[in-house]
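Engineer: Chain by chain, the residues:
2 protein chains.
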Amino acid sequence: MIRFHNCKILTKDMIIAEGNELWVKGNKIEYIGKPKEGVFEREIDCKGNVLMPGFKNAHTHSSMTFLRSYADDLPLDRWLNEMVFPMEARLTDEDAYYMSKLAVAEFVSGGITSAFDMYLYPNAIAEAARSTGFRMTICGAVNNFTSSPKELEANYDKYNSYCENVSFQLGFHAEYTTDIGILREISDIAGKYKAPVSAHCSETGLEREECIKRHGKSPVELFDSLGLIDYGGSLFHCVHLSQRDIDILKERDITVVTNPASNCKLASGIAPLSRLDERGIRIAIGTDGPASNNALSMFREMYLATALQKLQTKNASALVPKKVLEMACVNGAYAMGTNNDCLAEGKDADITVIDMHKPNMQPVNNIIENIVYSGGNENIALTMVNGKILYEKGEFYIGEDIELLYKKCRDITQRIKKAQ
Amino acid sequence: MIRFHNCKILTKDMIIAEGNELWVKGNKIEYIGKPKEGVFEREIDCKGNVLMPGFKNAHTHSSMTFLRSYADDLPLDRWLNEMVFPMEARLTDEDAYYMSKLAVAEFVSGGITSAFDMYLYPNAIAEAARSTGFRMTICGAVNNFTSSPKELEANYDKYNSYCENVSFQLGFHAEYTTDIGILREISDIAGKYKAPVSAHCSETGLEREECIKRHGKSPVELFDSLGLIDYGGSLFHCVHLSQRDIDILKERDITVVTNPASNCKLASGIAPLSRLDERGIRIAIGTDGPASNNALSMFREMYLATALQKLQTKNASALVPKKVLEMACVNGAYAMGTNNDCLAEGKDADITVIDMHKPNMQPVNNIIENIVYSGGNENIALTMVNGKILYEKGEFYIGEDIELLYKKCRDITQRIKKAQ
Numbered sequence: 000m001i002r003f004h005n006c007k008i009l010t011k012d013m014i015i016a017e018g019n020e021l022w023v024k025g026n027k028i029e030y031i032g033k034p035k036e037g038v039f040e041r042e043i044d045c046k047g048n049v050l051m052p053g054f055k056n057a058h059t060h061s062s063m064t065f066l067r068s069y070a071d072d073l074p075l076d077r078w079l080n081e082m083v084f085p086m087e088a089r090l091t092d093e094d095a096y097y098m099s100k101l102a103v104a105e106f107v108s109g110g111i112t113s114a115f116d117m118y119l120y121p122n123a124i125a126e127a128a129r130s131t132g133f134r135m136t137i138c139g140a141v142n143n144f145t146s147s148p149k150e151l152e153a154n155y156d157k158y159n160s161y162c163e164n165v166s167f168q169l170g171f172h173a174e175y176t177t178d179i180g181i182l183r184e185i186s187d188i189a190g191k192y193k194a195p196v197s198a199h200c201s202e203t204g205l206e207r208e209e210c211i212k213r214h215g216k217s218p219v220e221l222f223d224s225l226g227l228i229d230y231g232g233s234l235f236h237c238v239h240l241s242q243r244d245i246d247i248l249k250e251r252d253i254t255v256v257t258n259p260a261s262n263c264k265l266a267s268g269i270a271p272l273s274r275l276d277e278r279g280i281r282i283a284i285g286t287d288g289p290a291s292n293n294a295l296s297m298f299r300e301m302y303l304a305t306a307l308q309k310l311q312t313k314n315a316s317a318l319v320p321k322k323v324l325e326m327a328c329v330n331g332a333y334a335m336g337t338n339n340d341c342l343a344e345g346k347d348a349d350i351t352v353i354d355m356h357k358p359n360m361q362p363v364n365n366i367i368e369n370i371v372y373s374g375g376n377e378n379i380a381l382t383m384v385n386g387k388i389l390y391e392k393g394e395f396y397i398g399e400d401i402e403l404l405y406k407k408c409r410d411i412t413q414r415i416k417k418a419q
Numbered sequence: 000m001i002r003f004h005n006c007k008i009l010t011k012d013m014i015i016a017e018g019n020e021l022w023v024k025g026n027k028i029e030y031i032g033k034p035k036e037g038v039f040e041r042e043i044d045c046k047g048n049v050l051m052p053g054f055k056n057a058h059t060h061s062s063m064t065f066l067r068s069y070a071d072d073l074p075l076d077r078w079l080n081e082m083v084f085p086m087e088a089r090l091t092d093e094d095a096y097y098m099s100k101l102a103v104a105e106f107v108s109g110g111i112t113s114a115f116d117m118y119l120y121p122n123a124i125a126e127a128a129r130s131t132g133f134r135m136t137i138c139g140a141v142n143n144f145t146s147s148p149k150e151l152e153a154n155y156d157k158y159n160s161y162c163e164n165v166s167f168q169l170g171f172h173a174e175y176t177t178d179i180g181i182l183r184e185i186s187d188i189a190g191k192y193k194a195p196v197s198a199h200c201s202e203t204g205l206e207r208e209e210c211i212k213r214h215g216k217s218p219v220e221l222f223d224s225l226g227l228i229d230y231g232g233s234l235f236h237c238v239h240l241s242q243r244d245i246d247i248l249k250e251r252d253i254t255v256v257t258n259p260a261s262n263c264k265l266a267s268g269i270a271p272l273s274r275l276d277e278r279g280i281r282i283a284i285g286t287d288g289p290a291s292n293n294a295l296s297m298f299r300e301m302y303l304a305t306a307l308q309k310l311q312t313k314n315a316s317a318l319v320p321k322k323v324l325e326m327a328c329v330n331g332a333y334a335m336g337t338n339n340d341c342l343a344e345g346k347d348a349d350i351t352v353i354d355m356h357k358p359n360m361q362p363v364n365n366i367i368e369n370i371v372y373s374g375g376n377e378n379i380a381l382t383m384v385n386g387k388i389l390y391e392k393g394e395f396y397i398g399e400d401i402e403l404l405y406k407k408c409r410d411i412t413q414r415i416k417k418a419q
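Chains A and B are the protein sequences, given in the same order.
Residues 0 to 419 in numbering that gives the first Met the number 0 are what the first sequence lists, from first letter to last.
Residues 0 to 419 in numbering that gives the first Met the number 0 are what the second sequence lists, from first letter to last.
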């Protein structure tokens, strides 16, 4: 059993509580309460630091680390067609495994304890999760060129009984890459399992317009009309939405996953988070992939999420920090269907420790505002996933020497670039 | 003499060069070139990391750390009048000294080696610089309530011969806080010394409109008409500009200092950096104060500067990373008149080491893009100012125990809040 003491704890109600300690037994939170007697393998004096449920990176493409800083400063369509797709064509399943592990290192050093990951190679994601101990929910990535509804269903079975830190959700890439026949088949699978379906949605204005040209419906309207989201799901980006789209999102209990850094960097726009929030729609936050961001930092995303709303609505009080932190720590768990949405007895032990002993966190007028408005990866003292410490004080415990992992990833990237 | 070896070096031309080493003698860069014999007090193996000129924080209010996370989510006018001014009224010169030192700790842990600092207490800023070794250029802060043109002139003399890491530039707070009679007197002083003058300018639409109502001119037009910027200067924020304003900024060789995080957080808007850049206007970057940001991280500002331009211009190639890094590392030196704009022999040794051995910097496809798009304070391995190492691997060498400094600052903040 591991004992965290001398800490402040972010509660389920998004309040920072003092005076309690937290015990972890196996992969679960065993106890939160006043100090009492116990037998421990390890006791961690948190020095007054803050224990939080880890960040949930609710939309990413971990394996794409190989494209970081490779194809910057292009709009989405050219970025995909001219740079991403040709490079991806030379990536193997094994390459993707190492590249995902590199992303896992970045995740845990930034307080992220689980990711909702969509990529060509589900096996690479699953193995990266198993070998590092990181929690991954794999999102189906079916489109006209990759995978199929049949494979999707097989993966749904396979990866939902793979290991305790891996799960799988139905999903496809996007409307603009997936023919309607395939979407109908996926809808049938969703109906069969009564399962949510997730996908990219209305990321750019162009995507939305072309969907309307093709189908007479917006992406959200189309997905709804096909029954794809009858059992909910997560829609990634959702930058360009009509009032009707927003009504459907609410009706279908969709989680909107926002990716503000990526949406800025590809000049896609600002998602209408304040409007969605006012309508009572659940919002989670993702970093998107390292090729379009380029960091995988939930601190950056939290700041951007609120900063861009303040700009968009011309209202400095838009999207207050408490709400943003809830999006980043809590709501992603609903998107992924994981048991790590808060720090409470019986929950999976996915925890991060925020180091308040850094100048950017001082003085302490309001801890949640400090975290959202001032925090950065330098404030992550420790990250635990499923009861295991994967990162502590600059050191990684992910089953691989970090320098060897960097080298492996550099070598893979060089090989792929040379082949071009 | 200190030797940095096994490093990459960002050159004056904004290229990352390999194979050279860098020596520091006293407060100056003594040598950059191929390895050769020498006698050293210390040899630093940089392990392939990047040596850069430190970031220049070209507009900040260091002492305002006491207001971090205290008055969030308000627009500029309410934020100033309801929260900032009443709290500031209870801050002493000594308080401001400690609060500035806290900011210095944040600066050096974020690779910042000099700051252009405007606040009520120039003495506190100067003493914080002297006692920590950090480089400060103090900006005059005259307005109707604080200081006077006479005091400004006295400070100009005093702080320009104070100590080698302190300098002073003429300045005033802003048009909306300073009567035209005072502005005329400052213009006379500028003429007498043929010196640049700096101020807040066109931060909000309201500020601009009210200036036009009062004077029939925009702030930029007004300053120009009064001869205030005949010898150049830096104008902070510049969010709301007309074409005529931009022409004047160019004609007067003004440095525009952008503060994107603060402009988002207070819902002030997006400065037209791409237009300014196309017009050939020098742009530098500042964090603004910790009360309106709330972090003091140039990484955040660099990312926002380019990300917001991509959004504003709907062009993913707007404001490329090389240009952004130049704004952050080089251009601020022109604004402050310091001898630390690049790493070259004879320049003041203001250096930061970027740690590439972190997952967010791997793999390495393009180092400058990695720094601008992925970097964060976790990538600062070392910061040297004026030849002295002030920060290295998480430890501070600023003449004060960091935990005692945190406590002092917390105590001051508590006292001020209780008095309210």
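Hints were generated in silico from the structure; no laboratory data involved.
The structure displayed is predicted, hence computed values, not measured ones.
Any given hint could turn out to be false.
You can't tell identical chains apart in this list, so a pair holds if it fits in one copy or across any two.
Here are the simulated DSBU-like pairs of lysine-lysine, each with C-alpha atoms no more than 35 Å apart in a straight line [to be verified]:
hint, residue 1, residue 2
1, Lys11, Lys416
2, Lys416, Lys46
3, Lys193, Lys33
4, Lys417, Lys407
5, Lys193, Lys407
6, Lys35, Lys406
7, Lys193, Lys24
8, Lys392, Lys407
9, Lys416, Lys392
10, Lys416, Lys249
Engineer: Going through the numbered hints above, which ones does this structure break? Give me the numbers in ascending order.
Structural biologist: The structure conflicts with hints 3, 5 and 10, although it agrees with all the remaining ones.
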